[in-house]
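K.L.:
This is what each chain is made of:
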Amino acid sequence: MIINGVAIDATFAEAFPMKATRAIITAQNEKWAMISAQAMTGFATSVIACGCEAGIERVLDPSETPDGRPGVSIMIFAMGGKGLAKQLETRAGQCVLTSPTSALFAGIDGGTRIALGKNLRYFGDGFQVSKLIDGKRYWRIPVMDGEFLTEATTGQVDAIGGGNFLVLAESQPQALAACEAAIEEMRKIPNVIMPFPGGVVRSGSKVGSKYAALGASTNDAFCPTLKGMTKTDLSLEIESVMEIVIDGLTKEDIDKAMRVGIQAVCDLGASNGIKRISAGNYGGKLGPFHFHLQEIMA
Amino acid sequence: MSALTFTLKQRLDQRVDMSPLVCQKLADLELAEIAAITLQNGKRKIRVDEIFSIAGTDAQNIVIKNSFGKLDFIGKELEGGRITVEGDAGAYLGLGMKSGAIEVSGDVGLYAACEMKKGELVINGNAGDFLGAALPGNKMGMKGGTILVKGNVGERAGDHMRRGNILIEGNAGDYCGSRMTAGTIAVMGQTGRYLGFAMRRGTLLLWNQPQASARFNDCGAHTLAFLPILFASFKKLDSKFADNSAAFNRVQRYAGDMSEMGRGEVLVKIS
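Chains as they are written, first to last, in UniProt numbering: chain E, 1 to 298; chain Z, 1 to 271.
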């Protein structure tokens, strides 16, 4: 399959089941909601070493938030419910409770309930106040700038992590420009996050390493400087490869995000140095969810 | 299906215990069976059809017409369904109500919504003393749900209240929110003496400045983030509380009762 001169590989991205949650952070203005959201989703690019994958889903209009203030919706993904709950609570406590004027609300009403502000209330040292409004429990925790308002719980749902595609280009600036275009479009899709810095990862990995202590190492088949040294997957003209990883609530969400992302890359086309789109997989042995590039773009 | 309607034939001298006539108890009964139910009337028992004309079939939607202030225990422990009272209701309206809805077009007596657990109760007239309170000797009053009173309420509204909302469009009598453990009482009108007497926790939300009390300490003026959410939850009500103009988030906060544990609050609207 070729779109605008860009070859779409007959391969698939391999993804695996995760647990996910969503939270809504509001503040006096969008600037401070975003600062808090960035802090909460910081150091959360990969479960390999961060404990979770997190990202900003989108900016919310005041009419969309529970308290009518500007807000930001964030999502956190982890391999299990216990790890997710721990990450959520730690991050909420250190990054949102601490952030001036912030308030924190559930972003998923159904699912398994996990603690959002339920345990942060103890920071109130007995001065915290509970309010049950329309079946939802809120905690009002006195803090130095006034009161920190937080919903007690949010929902945890089954989700999918590790959807991805690779952008193969003739130069590094061209690969990055294509990924930036893709991320801009993908951020318009709900229920997904792209957890890596700016949504793009340049250090894709393979399973295993020559070093016994490491479970993963650089994806040498896609490293352009190794074209003459390893069993490469790159043709001579490819000078740079970048990857976009997608975590989403459902397969359909990831399908949609991959479609608009790949389309944005292909819109730049071969004339802008984009040669191929490929994807990362482990031969289908690791993850039960397979995203076939050509099916998605059909 | 038309509402199951009980029309009072004549006003009795003695009080009537209406607790058998709730939706869940009448659900599978034929009209003849309902007519044969006996109600306590003073010291004697009377059949339902002795005092009511009965019409309709939908036991999930009960209407009591020509009601007056001696019909006690209407909607006692109601569990789903709806009871509409046309006229006044006696004491213990919605006692221990578990879910569902009750609406009264007129006034209600003592202990309305006493120990209510869930559901919605609307009183279009005035309510007597001990609205949403605990029965004498009990320690836990209303535990959930919403009470809306469009008129005034008597003394001790929300006594021992533990959870839920009491919304009063009119005035509240003395000892409003006494011995409250938690929950919210909102009063648009005036409040009487001894507001929040011995309250432990909970919120008294007022539109007008109450009488000064040495038992409450001023915590200053604040903009509280939970108030817009609380007001948003009132939007579904047919009430002044649902008006956009009623909502505010800037309040003077008083903490008390300091002679008790002092974790309660009186929030007074700052105009």
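Some clues are possibly wrong.
Here are the computed lysine-lysine pairs in the DSBU-like style, where the Cα-Cα straight-line distance is at most 35 Å [to be verified]:
# : chain 1 : residue 1 : chain 2 : residue 2
1 : E       : LYS136    : E       : LYS206
2 : Z       : LYS139    : E       : LYS188
3 : Z       : LYS117    : E       : LYS118
4 : Z       : LYS117    : E       : LYS86
5 : Z       : LYS139    : E       : LYS118
Just so you know, these hints were derived from the structure itself, not from any lab.
Since the model is a prediction, treat every value here as computed from it, not as a measurement.
K.L.:
The structure should be examined with respect to each hint, and the outcome stated for every one.
P.N.:
Hints, verified against the model:
1. E:LYS136 - E:LYS206: violated, 44 Å
2. Z:LYS139 - E:LYS188: Distance ~54 Å between LYS139 (chain Z) and LYS188 (chain E) Cα, so the pair is violated.
3. Z:LYS117 - E:LYS118: holds, 23 Å
4. Z:LYS117 - E:LYS86: holds, 34 Å
5. Z:LYS139 - E:LYS118: Holds, because 26 Å separates the two Cα atoms, which is no more than 35 Å.
The structure fails to meet hints 1 and 2 from the earlier list, while all remaining hints are met.
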